[in-house]
Amino acid sequence: MDPIQINSHNARSIKLKATLTRKFSGILMLAAGLALISSSTFAVDEEAAKALARQNKCLNCHSVDKDKDGPAYKKVAEKYKGKANAETRLIEHITSGEKAKFPDGHEEEHKIVKTVPAKDMAQVKNLVQWILAQ
Amino acid sequence: MTDTPKTSAIGRLWAALRAPSLKYSLLLVLTVGFFSGLIFWGGFNTALEATNSLEFCIGCHEMRDNVYAEYKDTIHYSNRTGVRATCPDCHVPKDWTHKLIRKAKASFEVWGKLTGSIATKEKFEAKRMELATHEWERMKATNSIECRNCHNFEAMSGEIQKQTVYKKHMAAKEKGGTCIDCHKGIAHKLPKEYKEDDE
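Going down the list, the protein sequences come from chains A and B.
According to our numbering, the stretch in the first sequence is residues 1 to 134, in order.
According to our numbering, the stretch in the second sequence is residues 1001 to 1199, in order.
Simulated from the structure, these hints should not be mistaken for lab results.
Quick reminder that beta carbons are idealized off the backbone N, C-alpha and C, glycines included.
Please note: incorrect hints may appear among the correct ones.
[Unchecked claim] Calculated cross-link-like contacts (lysine to any residue; reagent style SDA-like; alpha-carbon spacing at most 20 Å): (1) 111/A to 1088/B; (2) 1192/B to 64/A; (3) 114/A to 103/A; (4) 1162/B to 64/A; (5) 1072/B to 1088/B.
[Said to hold, decoys possible] Some chain A residues flagged as far from chain B (calculated, every beta-carbon gap over 10 Å): (6) 59; (7) 81; (8) 82; (9) 85; (10) 133.
Construct the entire structure; sequences and hints are all you get.
Right, dumping it as C-alpha cells:
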C-alpha cells in the first residue's frame, strides 16, 4: 500500500470515529436529560412516603387535605410552591427537631423523622417530595 | 381353687394408689409429697420463665430476622435511660394466670413454625397484616395490659411531656382509649396494607 493510500485510509477512519463519538455523546446527553426529567418529575415513591409517614405517626398531627395540630400537606405544598429552597427547608424542619408553631400559638419541637436504616436521607427526601407534590 | 378377679393395668394402678400405705408413715408420705411438689412447681415455673426471654423468642429465625431486627432500631431497645423492654414485656402478660393462657395460645404458633408459613421474608411480609392484627386485637381486649406495666396516664407529667402529646393522652384517657389505639407499629414495621383511620 503506497503512502497516499495509507493517508486516505487513516483520514476515513478518523472521520468515522469522530462521527461515532458525536452520535454517542448525543445519546449520552439524551439519556442524562431523560434521567434528569424523570428524577425531578416521577421519582416520588408515593407508597414509600406514606409508609414512612405512618411509621413516624406524622398523620397523628397532619393530614393530606385538612388541618389538624399541624397544617394539611396541601397547604404546605402551596406555601412552598415555586420556592427553590422548599425541599431543603422541609428536610431541615423534620430532621433537626426545630420548633414548630401550633395553631394556639405555642411552640414545641417538631418530631424528628426516623428511618430504617437510620438517617437514610433518600427516604426523608422522598417523603418531603411527596408532601410538596400534594 | 378360687378365681382371682381379672383387672386392667389402669384398674390395678388405681387400686394401688387408693390403698393406704402399710410400710411408710403418714409424715414420710406428706414430706416426700411436699418436696416433690416443690421440685415440680419450681421446675415448671423455671421452664415457663425460660420461654419468657428475648433469647428464647429469637431462637427461631422467623423472629430474629424480621421483628427482632426491626425492634433493634426502636426506642424500646435502646434509649436515653437504658431501660429495655424485651419481647415478653410487651407480648406476655405478667400475672401468672394470663401468662399461662398466653403461653398455651402461643404453643399453637409452633404449628406455624413446623409448616414454615412464615419461613421466608416474603412469606412473613405476606402474613404480617394478619399477625399484627391478631396482636393489636389482643392488646385492645386487654386494655394494653403490657404497655401499662410501665406506662400509665396518671404518671404522665403535663410539665415534661410535649404539650400536644399530653393533650392527646388526656383526651384518650377521657374517652377510654387504650395505648394500642394510637401506638401501632412502635417496635416493628407496620404492615404495608395498614392505613390510618382518617386516610
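Right, here's what the structure says about each hint:
1. 111/A to 1088/B: violated, 28 Å
2. 1192/B to 64/A: holds, 19 Å
3. 114/A to 103/A: violated, 25 Å
4. 1162/B to 64/A: violated, 23 Å
5. 1072/B to 1088/B: holds, 15 Å
6. 59: violated, 5 Å
7. 81: Residue 81/A clear of chain B: closest Cβ-Cβ about 24 Å, beyond 10 Å.
8. 82: holds, 28 Å
9. 85: holds, 27 Å
10. 133: The claim holds: residue 133/A sits with its nearest Cβ about 17 Å from chain B, beyond 10 Å.
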